[in-house]
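Counting from 643, one number per residue, gives the positions in the first sequence under my numbering.
Since the hints were derived computationally from the structure, they do not count as laboratory data.
Don't take every hint at face value.
[Stated by the list, open to error] The list that follows gives simulated cross-link-like pairs (lysine to any residue, SDA-like), each with its CA atoms no further than 25 Å apart:
| id | residue 1 | residue 2 |
| --- | --- | --- |
| 1 | Lys686 | Gly650 |
| 2 | Lys837 | Gln826 |
| 3 | Lys1098 | Tyr1159 |
| 4 | Lys714 | Thr871 |
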Amino acid sequence: MGNEGRLGRLNSLLRRRGVVLPSYEIYGGVSGLIDYGPVGARIKRRVIDAWIDHWSSIGGVVEVDSPTITPKPVLVASGHVDEFNDHMSECSSCNAVFRSDHLLKDVHENPDSLKAPELDKMIAQSAIACPSCGKSEWGDASPMNLMFPTRIGATRGGRDAYMRPETAQGMFMLYPALFRHFRQKLPFGAMQTGKGFRNEISPRQGMIRLREFNMAELEYFIDPEDPPTPDLGEWGSSVSLLPDPEGPHAGEHSLTFSEALDSGIVKHPTVAWFLALTWEFLVHVGVNPERIRFRQHASTEMAHYADDCWDCELSGEHGWVEAVGIANRTCHDLLSHEEHSGSKLLRGWRQFDSPRTETRDVLAPKGAVIGPAFKDEAGAVTKALSELTEIPDSLPFVLHLADGSKVEITGEMVTRKNEEVTLHGEYFTPHVIEPAFGIDRIIWHILDHGYSEIEKEGGEYTILGLKQTVAPFDVVTLPLFDKDGMGDLARRISSRIDSLPGIQGDMDSSRSIGRRYARADEIGVPWAITVDHASLEDGTVTVRRRDDQAQVRTEVESLLSHLSSGSVGDLF
RNA sequence: GCGAGUGUAGUGUAGCGGUUAUCACCCCACGUUGCCAACGUGGGAACCCGGGUUCAAAUCCCGGCACUCGCACCA
């Protein structure tokens, strides 16, 4: 935690310099919504670009882009409509509000599954005491859906929909297209960056809990029997791990990713790989490695879809904050979408090493008998016969149809056969490992970790120590004075800098040179180049390094090539 | 959502019934300076929103919104 007032000064800086500001401020503002200003939007752009680059580099991963408006059935299948419908009960005596299911923790095994009337009944029957005042006078449980509802269609009618609470469902919807794109071979991944929406009850803590936020998610589809097991030796650093507090490894451990997997703390090799890749990304964009830890969810805390879940937490002015969730979602989503939609396209194909021949008894239907006997139901009967897993020893027998009804099958209707089939492979529902990044929370910690208040010549001085990869500008060009042609030369140099691919410069000619260095330092510009009288004579400029204010004189051409190759530091 | 506190230029603040609304930083122009928030002159910029009380409200009261803290919530 920082010293007293640091948080306030950092927030002031972010507002003053157009990094992050409250939204709609002239109309009073809205809690949980923020704007990225001209400086912040550039930082955000670069963090997202870095994220896409990072995950692209592991191969077999593509970017997709889906709508934020999501039809209700999609979110019913994913479980969000139910899971997001927590109920709240209010104490009529002291007005305190609690989650209804939490009140029933001790009297019901799975209170989360109860409907509102059942909750009310059980709270009354068990005479649950208010944790706040001890009385037992409860109002009715009322639903609290954290999703933003909307409707598709401007006229009457239309379909119920919600703003997406996560981008992940978009990737699941695209699974068939992805499977085709990757020529029907697992593993592969799809990633997406974009907005997610959660109607938080009480957003707090600036950019930590937002109602509309930026997320970046990767869904990595694997064959659960053949998960990728990359070599983790590449990551030699030890990291802080907090395994399940109810499990065998409870307590804080400092281990390499490889050790964490070998010791069984991380259960899944692909999850371990993603923990390492997540750590690498965060450090790459400027998060302080000492302020990163991975915390395993207790089984009781697990999201409805997850099997094993790790949070990557970052420490800053708001304490330890979950910034990335890495979950093994198993086959939950694809299977549930298959069940709800009836689609058969949400599967993977596992080729056998050699074809397998299976023989099995079947009862082959005789269409000529079954058709007239069952008429409209004949199709369902035929289907049920083909799906029989156990062939009855004697006929007639009672067959259960898919709709629950029963029919009697007699000897004339079927032929008992011994069928031989050759199987070259089998269908299965892929499992999904998902790293989900909260971009705003990561940006906050980049800013927090980069913000330093130092003493300079007796005065207070502020530097935002952003890595060049996420700095709002790579370099600022400063004419020592905007006269004698120095301003014109500076503008020409600045324009050449801007034309370098991937490099963005800024220019500042207003007021004293020291003030301009300070302004650039404050928003994290790593390099400043100064055009002075000598520049007019010999085409050299001075390059100043933000972090130690060291200066070196160099040719403009040399500077431009070092900027292009990202090696300005080599000039010093 | 509950309780308490706080809302004054871009930022930090003074004013607490009657002021041309204070000060500093800031921003702009000109001059000066000629490599680390220098200086001079001039200029710019604010009482969260809506009601009420009062001759008069930034100031008192009520409601809303926002922020901070505590409780609750946060897949």
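Right, here's what the structure says about each hint:
Distance check on the hinted pair: Lys686 and Gly650 sit about 21 Å apart at the alpha-carbon level, within 25 Å; holds. Distance check on the hinted pair: Lys837 and Gln826 sit about 30 Å apart at the alpha-carbon level, beyond 25 Å; violated. Between Lys1098 and Tyr1159 the alpha-carbon distance is near 13 Å, which keeps this suggested pair within the 25 Å criterion. Only pairs whose Cα atoms come within 25 Å are accepted, and Lys714 paired with Thr871 is rejected, the gap being roughly 37 Å.
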